[in-house]
Amino acid sequence: MNNRQARMFAIAGTGLSVLIFLGLTLHSHSKFDELTNAENITPQVTHGKDVWHKYNCINCHTLFGEGAYYAPDLTKITQHRGAAYLQAYMRDPSKFYDENKHRRLMPKQNLSEEEITDLIAFLDWVSKVDNQGWPPRPILVTGGFIPGSDSVGAVASGEGTAAAAIRPVTAADDPRAQGEHVFRTATPACNACHSTAPGANMAGPTLAGIATRAAELVGSALYKGNATDVEGYIRESIIAPSNHLVAGDMYSANGASFMPIGYEETLTAEQLDNLVAYLATFK
Amino acid sequence: MQYKSQSVAYWYFAVAMTLFGLQLVFGLLSAAKYLGPDPLLYILPFDVTKVIHTNLLIVWVLTGFMGATYWMVPDESRTELHSTKLAYVQLVLWTLMGVTAVIGYLFRYGTGNKLLEQPLPHKIVIVICMLIFLYNISMTIKKSGRFTTTEGVLLLGLFSSAVLFLPALLHYENYTVSIFYRWWTIHLWVEGVWMMIMAAFMAYLLIRLSGADREVMEKWLYVIVGLVFIAGILGTAHHYYWVGVPSYWLPIGGFFSALEPAALVAMSIYAYGAIRRAGLGHPNKLALHWTIGSALFTLFGAGLLGLAHTWPSVNKWTHGTLITAMHGHAAFYGAYVMIVLAMITYAAPSLTRNRPESGSSLGYWAFWMQITGMFGMTLSFATAGIGQVYLERIMGMGYLDAQLKIQVHFLMLIATASIFTIGVALFIYDFFRYAPRFISDDEPQLNVVDARSNA
Ligand code: HEM
Ligand SMILES: [Fe+2]
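Protein chains in written order, with the working numbering: chain G, 8 to 290; chain L, 3 to 457.
Incorrect hints may have been included.
[What the hints assert, rightly or not] Below are the DSS-like pairs computed for lysine-lysine, each with C-alpha atoms no more than 27 Å apart in a straight line: (1) G:K38 with L:K116; (2) G:K102 with G:K83; (3) G:K135 with L:K407; (4) G:K115 with G:K83.
FYI, nobody ran anything at the bench for these hints, they're computed from the structure.
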């Protein structure tokens, strides 16, 4: 190969690649709206995106896996957490996580209520973009599919009990944050059998989406219990698990749920309220 | 230094080295936050230290490119620069842009768009600086009438970098579309046109340092550039995997980006071949270390570690984890940091007074400590990233809990980053400890005779 041929190779190769790339770019433009549900980009969503940019969220978090790796990916966060939870969380993250336990904490951003609402609208739009089903398995913020995997920190910190790994809460905290605490500390711990990840059923069914399922269920003919609303259904499932059975041989037999009973005695009325409030956020 | 106007390069290098030092301060701060807890949570949170860390990198590497170009073009075209005044105006404007941007970031004044955080006024100043720069260089070449292939590749790389910055100036309503065009700037820079810049500097250095035959080197330069673009342009698709664009980008990204290492292999063979066939031993062996080091580290950081996670079925699991940080650090360092340091090391004996041409032992310490430190940092990110992928992505442990499990790798990161930082501090000290040569315009031209004038 001589110099001139080498030059031709470079020019022709580059030219051809540019042409193909531009052609595919044009074609992609005809698909963007459909893949991203562009009709759902409301002024709220757009404002939410501006909030996302204004507070530099991308330099700690990732969205579509792009950003910084210091904080969890938020692509599907609105499918894991209800709006009420997210609203409360963004008012003050320190009410939900303890920097001394996780060694990291999101600084409070002083967002207005409207900014938070729109941000959630934006994140909800993101979660519905058709992105080849990524992530292949849900990316959780805390907890895990593996029973007890989120309490191993307790051993490391020498405190012995599983509960110690979990951030202590006080009565001043948001009821939902206190409810999450109960979820992990009740005896037996709810998270020993239930995950809050979509599709991750353990000994018990996943509680992801429980509020939505409950709302559909209570009015329907399939429902056998006494509750009339979502909170009522969740409360009933905790204290009287056999009133309504989730289908499946791994969950019940002979009309009795495998879930332990006795939470009515071991939990205080307030703890029960908080637990219900927490679980009702899983839309 | 054969042409006195080349001395502008000194000031570009001086600014670049200062910002490099500052970049590492913010890098170390960010790493410390991975260990946590963070006493600066409300003063200097992670997002601020991180954005400053990456922006300083881009600004100083570009400053280095510009300085190196101002150094190289007079040599290649055998003429003085068109205007040193313009070069200084450009440097002042550019530095002001960089410094005010960083100060702004301290107060969260930025676009919040990864790597393109510069506010619009700053982006406009960047474009103005690029225009001044390209004008000045083009006029220099035009006046001389001598235009080498190496120079042509360099110029085309610089010009295309400016053009590819333009999509970053636009506003996109749809977040996915904005991601799509963000990569036109970022990916096509680092895996496209900056590769041209790097390859041109490398060709220049190899020709001067090893006396390699220009005909042969320039032929291979074309081949390398061709390979870079054939793989790199469609390889952009490896950033289009999970962001909401059509699925045909998946196989395209996998196939073409897997070809990207070919150009890097070619570059390493080219560098190795040049020193094997070397007709002439230039005394500046330290610059040769940096040059060959750059080719090899690029092959490792960009080629091997890029390849490691570029296939869609792998990237599905590693995307958005510390695996990306592993590759980003090694690739950027090998390709762009090392080539700028090579140009600086090559030019420094002429730009400063009384510096030994062959480099000092301090210079070698700087080289080896940086290599060792960066290799260690890469391993730390890699082990942390592998842990993260298995625990969080595959086994489904929550993000925060998984991060706790990989703490020990963050300790290792800080330890190796400290070695790296010492290496950089030595380099910066070695650069500044010899005073620059000041040449007033009426003084007769310096009479430095060395191997360079033979080429
Ligand atoms: C000198 C050349 C290169 C440099 C400087 C470089 C730099 C980078 C940087 C900084 C990132 C992170 C970008 C971000 O997260 O916003 C990145 C991502 C990536 N690079 Fe490179 N790279 C180079 C070459 C390559 C090559 C040759 C390949 C493939 C063979 C490659 C594959 C990738 C992939 C797949 C990602 C995306 C990772 C993810 O987010 O999933 N890179 N690169
Ligand atoms: Fe890339």
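Verification of the hints:
no. : hint               : in the structure
1   : G:K38 with L:K116  : holds (24 Å)
2   : G:K102 with G:K83  : holds (22 Å)
3   : G:K135 with L:K407 : violated (31 Å)
4   : G:K115 with G:K83  : holds (22 Å)
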